Structures are given as C-alpha cells and as structure tokens.
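Sequences are here, hints too, so could you generate the full structure?
Protein chains: 2
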Amino acid sequence: MDLKMIDTEETIISREYFLGIIADFKNDEFERHPYDLAQELVELRETNEDDYEYICKKMPSELLAQILCEMPNYVQEEISDVLSDKKIANITSKMDSDDASMLIYNISQNDEEAAETILSQLNEEDKKTIKHLNSYEEDEAGAYMQNELFKVSLDENIGDSLKRLKQLKEDDILDNIFHAHIVTVDNEYIGSIGLEELILFDYTLKYADLPEEKFTNYSLNDKEDIEDAVDMFTNYNLSALAVVDSNNKLLGRITHDDIHDIIQQIDTKQLYSLAGVSDDAEHEESIYLIGRNRAMWLGINLITAVLASLVIGLFDATIQSFVALAVLMPIVASMGGNAGTQTLTVTVRQMALGEIDYQDAKKIIYKEVMISIVNGLLFAAVIGVVAYLWFNIPLLGVVIAISMIINLFSAGFFGAVIPIILQKKGIDPAIGSTVILTTVTDVVGFFSFLGLATIILL
Amino acid sequence: MDLKMIDTEETIISREYFLGIIADFKNDEFERHPYDLAQELVELRETNEDDYEYICKKMPSELLAQILCEMPNYVQEEISDVLSDKKIANITSKMDSDDASMLIYNISQNDEEAAETILSQLNEEDKKTIKHLNSYEEDEAGAYMQNELFKVSLDENIGDSLKRLKQLKEDDILDNIFHAHIVTVDNEYIGSIGLEELILFDYTLKYADLPEEKFTNYSLNDKEDIEDAVDMFTNYNLSALAVVDSNNKLLGRITHDDIHDIIQQIDTKQLYSLAGVSDDAEHEESIYLIGRNRAMWLGINLITAVLASLVIGLFDATIQSFVALAVLMPIVASMGGNAGTQTLTVTVRQMALGEIDYQDAKKIIYKEVMISIVNGLLFAAVIGVVAYLWFNIPLLGVVIAISMIINLFSAGFFGAVIPIILQKKGIDPAIGSTVILTTVTDVVGFFSFLGLATIILL
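Chains as they are written, first to last, in this note's numbering: chain A, 1 to 458; chain B, 1 to 458.
Rather than coming from a laboratory, the hints here were simulated on the basis of the structure. For clarity, every value in this text was computed on a predicted model and none was experimentally measured. All clues given are correct.
Pairs count within a copy or across copies, as identical chains cannot be separated in the list.
EDC-like mimics (lysine to aspartate or glutamate), calculated; alpha carbons at most 20 Å apart, straight line: (1) K214 x E31; (2) K94 x D28; (3) K362 x E49; (4) K249 x D225; (5) K163 x D202; (6) K363 x D279; (7) K269 x E355; (8) K166 x D202; (9) K151 x E197; (10) K163 x E197; (11) K151 x E213; (12) K214 x D28; (13) K128 x D85; (14) K86 x E112; (15) K166 x E197.
In structure tokens, the structure reads:
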C-alpha cells in the first residue's frame, strides 16, 4: 500500500533477490513482512514477467500462501496462468478461510474452470468452507468472515481451553486471537471475553462460572450488510465481531484489520461514484474495459449537455443581438455547477458517515440554501459589476446578477435535496447524483440568464 | 455514527430517559455503550438545550467521562459553557490520556481561558501528559497516542507482570490491552509480545528469557506523520503501534480503533478537497464560517470562468455569424470537464492508496491518454453527427468533432499530469487540482471549438 515501507532505492528487486528470500525462509532466518514481499513481487511482475513466474514456481507454498493473500486482486486473478492447479490448491489449504475464499473467487473471475479444479483438489472441509464463504453476496457480512476463531464451551475450564489454544497456534491453525468466543453445546453464540480479561481469572474456573458482565456480545447476522459491521467496529471500537446465522449459531468472526480495507473500499467507491467512475471497472487490467465504463457516464453527460444546449437554442435570436450573452453565459452555469458540487459532496459524505440522516433533511436544506443565497448575493454583486464594466451595458450586469442568485440558490437547494431523496429511496446517493445536479444547474443557469436577458434587454 | 444502532423509533430521548440511565449507572445496572448514549445526548442537545445542560450537570463524572469522549468535537468545544471547570477537570482526570488531551484541545478552541483553568486543576502528572500530547502538530503520530499501555521490563517475570495488569485493570487505568510492551531499565523500547503469545509461556519465565522471534517490533517516531501510522496498521494488520521518541524511548501507543477514524478523516478531507470544500470549515457550527470558506473556492472558480469567457470573447465575431456555435460550445467544455474529473479523481485516489506513485507516472499518463483518445473519437463521432443533423451544416459537425477529440485528449492528459506534478512537488494533489483542471478543459474546449470554427466555417 505504501512504498515508504520498502527501500526501493536500496534493494534491487530481481530473481536473485527473491532466491535469497526463499533461502532465508528455508533456513528459518526469514524476517520480512509478507506485505512488503507482496509489494516487491508485484514490482518484479511489472519489470520482468519471466522472473516473476520463475520465482512463483520456486517459492515454497507456505511462503507464497502468506505473500499471495497480500497481493492485489488482479494479480491473484492471474495466478492460475502461472502456477499449476495442484500448487495453488496446496497454497490455498495453507491460508485462512477468508483469504482462501478470496483467492478462489479472484481466480474464478479469470478462469472459472481452474477455480473448480483447484477446489476439487482441496479436502472436503476446506472445499465446503470456501464454497460457503463464496456463496455470500459482496455486501454481506458473511463474505468477509473467517471461520478460524478461538471457540470455547461453557463447561470447559479456562486452563484447558488455553492449552487447546496453544496447540491450535502451534499448528498454525489460529492467529490474531483477541477473544474466546463462548458457545453452548449446540454452538449457540453466548458472548465473547477478551484475552486481557480472561487471563486475570483463576484458570480452574469454567466459562460458565465467569461473571456475565465480563462478556461482550457484539455479533452480526451473516446476511447483514458489511457496512453495518463497519459501523459496529468504528462506533464500539471492536477488535473482532462474531458472525452468527439466523439461529444465532456462531459461524465465524470478522477482525479489525479487515475493516480498515473495507472502509477504504467504501470511501473509494463513494469518491469514484461522485466523479462518474466505477471502482470495479477501474481495477480492470484492460484499458478498453476501463474506458468503456467511463464512456457510459460521459454518454449520460453528453445527453444532459445537449439538453442544456437545447435551452440555449431557445434564445438564439437574443444571443444574435447580444453576443455578450454567449461570452458570459458559461460563467453562470459554471458557478452553479461548482456551488452545487460543494453542497452535494458534503451532504453525501455526511450521510455516509452517519453525521446526518433523513430526519435532519429540513435542517440540511435550510443550511445549504442559506449558504447558497449569501454566496449568491456576493458573487451576483461581483459578476454584475464585472459584466457592466466589461460590456458597458448596465442592464447586462443586472441580468447576470439576478441569474447568478437564482442559479446558486437552485445549486444549494438541489445539491442537498437530490442525495437526500436518493438515500430515502434506498439508492446510493453518490451514484449519478452529480449528473442530475449539473443538469439542473446548467439548465437553470442558461435558462435564467438568457431568459432574463430576453425580457430585460430586448 | 449510525442511527441503526439506536432505536430512535422506540426510545424517546428526554430528561426523564437520561435520569433513568443515570439511576441504572448508580445501581450498577448500566449496560448501554457510551457511544450510543453520546448519540442520544447530542440528539437531546438539539431538541432541548435546557434538558441537555440539566442532564450534563446531573450526570456522574465517571459516566460523563465515557460519554463525552464519544461526542463530536463541536459538542466537546462547548462543554465549558455548560459545566464548571472543576467538574470538567474531574471528568478529564477519568479519561484516557488521548481522549483527555483531545477534550482539552477542543475546549481551548472555544475558550482558551477555560482550558487553562481546567488544566490547572489537574494533578501534575495528568497536566504534564495532556500538555505534552497537545504540543504535537495535528499530523504528527504523537498527537494520536495514549500513554496508558502495559509496559514490562526484561527482568520481570510473566506471572508478576500479569498480576500487575490485573491490578491496573481493576483500577480502571488500563483497557484494550493487546500486547505487553517490553522496555529496558531506562525505558528503551525493545519489542512487543501479543497476549495471545504471552499466555502460552510458563509464567515463571522472565521476558528476557522469551524467544525473540515472538516479539513484534512495530514502532513509529512521535514526530512522524500519522499517515505513516495508518499505512503500518493497514499494511501489517496491527492491533497497536508503539510510539517512541528520537532516542527510542517508549512514549505511548496508538490502537487500531483510532485508525478507523483517522482513515475516514483522511478520506473525507480528500473528497472535500476535490470538491473545493474544507473539512475543518464544514464542521464549524456557524453557517457564515462554512459559507465563507466555500466562497473562497467559488471565487477562484469565478476567476477561471471569466478567463474562459475571455477566450470566448476573442471569437464574438464568429459567434455573431454562427449562433449555432454559442449553442454547441458548452457541450465541448462540459465533456472535457467530466472526462478530466474522472481521470483526476482516479489518479488522486490511487496515489493516496499507494496503488500508484511517481515512478508509474509514464504508465498512468499513457493509460489515461489512451482512454481519452478512444472516448474522444467515440463522442466526436456522436456529437459530430448530432451537430450536423441539428443545424444541417456539415462543416459544423467536423469542427465540433475535432475539438471534442482535442479537449478529451487534454482532459485525460492534464487530469493525470496535474495531480502527479502536485504530488511530486509535495503539495496535496486533491487540493485545487479540480479548479486547475476545469480551467484547462474550459479554455482548451472553447478555444479549440471556436478557433476551428473561425478557420473552417468563415
């Protein structure tokens, strides 16, 4: 994620360099973080495809399993072109369930068949787990959980459970354990107790004997929206969240480190949507696919631009007699578009952060309209004087001033109203709202300016 | 952060409701999460200021300390208008150092004097800590650390240290402990060991006896940029990060839950900057202050819009003889603006996420230029035909088609180049880049379209 983490100046990323890493790994002298190696391996892939494939083939599955799950999706997608299905299956079996299912999912995006073969070579349990995790929708919490967790039953005593934990960790089955997740005999989720609390009790105690107020009980249904999980993590400062099914059976957990990435994904999606690009499409390798997706939004924008031109067309006679209008009219539209974008962006973001919601609609609209009126008056005065001095037509100054006020007002009003309505209708307020808004500000801008000109100047 | 967390339908947020909460708290029957209560208290503040102040005064310091640190900054800023300095000092003394320093900082924003009086009423140690934490710049890691952590020395044995931990937790001094941070006798940071590892060892062992490979050693200098901390958390999936001074003495720690908020703040800042609004200003209570800040950006936009108009002015004669040009010219500019914004947004975001950096400049520019040329050709064809059919002037179709290609090309090129150059120059590529870009696309759009028209049509 960040090149500060790697001394790109010093290390030369080469076949020899990675052979050295592999040697260290085999001699247990391995100290690098897989994330950094993933970054370097991606770099090698870009600089020398052959060396990249050579190293991937040479690398022990234990090591590649750690590195691969830190690699970007587009690299994971194509790993089946580099490695045999057998080796990938071997690597997959060494990953945590969430990383493994993500890898298989990514491979299936590029080569459905390879993904199937790899799955078929896994043991029944891994196969079942991965198929289950990949059966969730992208926005469901279940898609992000791992089923590796420290599960304890009410009648187990702390000491025994910790011995079990030790074994599970030595067998590389469990890692990043923050809690013991407590369940009944039939796997019903009761609550979790942090290790920091647990270790303060007498180890001969059974979990059933522990004071309930020491249990936390943050869980989420596997079908619920992952954004609800994000909210719980950020609001309640959780380290891990239990994921349960509709019968409150414990299925898995989501850990805090997954949430960082999800937050950034959500924010990226929002930022891109407002700019008329799709996050998924932008991650395509092919320039053609990226361009095609952007073209879709540009196409919509072209239609709205033509719409605005039709409005201008209504007043061609007026423009004919006052060319100054043609010179000035983009100013009104541009100012409206910018003021509207300011309002739209703030409203969309504050709704996303939960700082405001539908109940505050009146308050938000009032605030935005007030701001836009004040700024409308300000810039009406400025541009009115500028227009007058420029073309020496006093009434032209009046016309542009009034239309500036009208357009900034509508920019503030619609910049707030559009996302609020979309949100209320269950539509992502970031998607498409910019196009709708600029259509409004263009049409209102040109119509008010040229319309007023026709009335006042002719 | 999210109202799904509160049953706003069922609970009526009132004075009586909070008196009930306070009673529960006093009877140790208190089960709500402080975050939710903070949300509800903010709601009460909005609906009934008097009840809000009454409840704040009534609430025990222990409870209010938990709730207040979950409240937004603008509420913290004004708490000194509601509560006595003495009570606030009392509340502050019950907070973690990072929350306490944040509270004092927020109060000082609103009432410097009150902040000083409150500080003066704290014990020497708290005062020193808070002053130290608030001495950091907003972007320095030290500003986000807390000095409450589980510090152990090499010669201490595990069992004794855990006894100490138990006491520290019972005294409400420590919470959210994931590691033991190991230091030398003179507080030099050696490394950290996760509780999940620690508890698997024989408790009679000294920390000096533990195998070094069980230690993690992720630390950051207190003066380094907080964004580096964010990168370390997201890249290395950390739960906590040790903060050290220039002599590697352990000063404090940053925990994963702080990072969630910082990521969202960073993303909000970026999103707002691209839209020409300031995150800080948007959080002001006063509509006037918010509006003034937005006006600044609108003012800059007005200048660039006038610039574009000057370009149009060069061709008033051409427009006079072909009013169709006035009707069509906004289309070229608008398409350029949109295509450019797409490129700009993607480039800025991918640089921020570290997916691309200056070394990739050539690759990015090539990619964006290719996309913009392909889309340029596509929309040139479309709009060329439309313009021809509309005004029945074949050459007009040719003119707008060529200028569309030129403008989308410059949109792609500058949309990529502008943020890359800003980044290279150490300027935040999100700030101001949109204005620079739209200036380019407007000027190029109008100039190419009207210029070509003058050459070809006249």
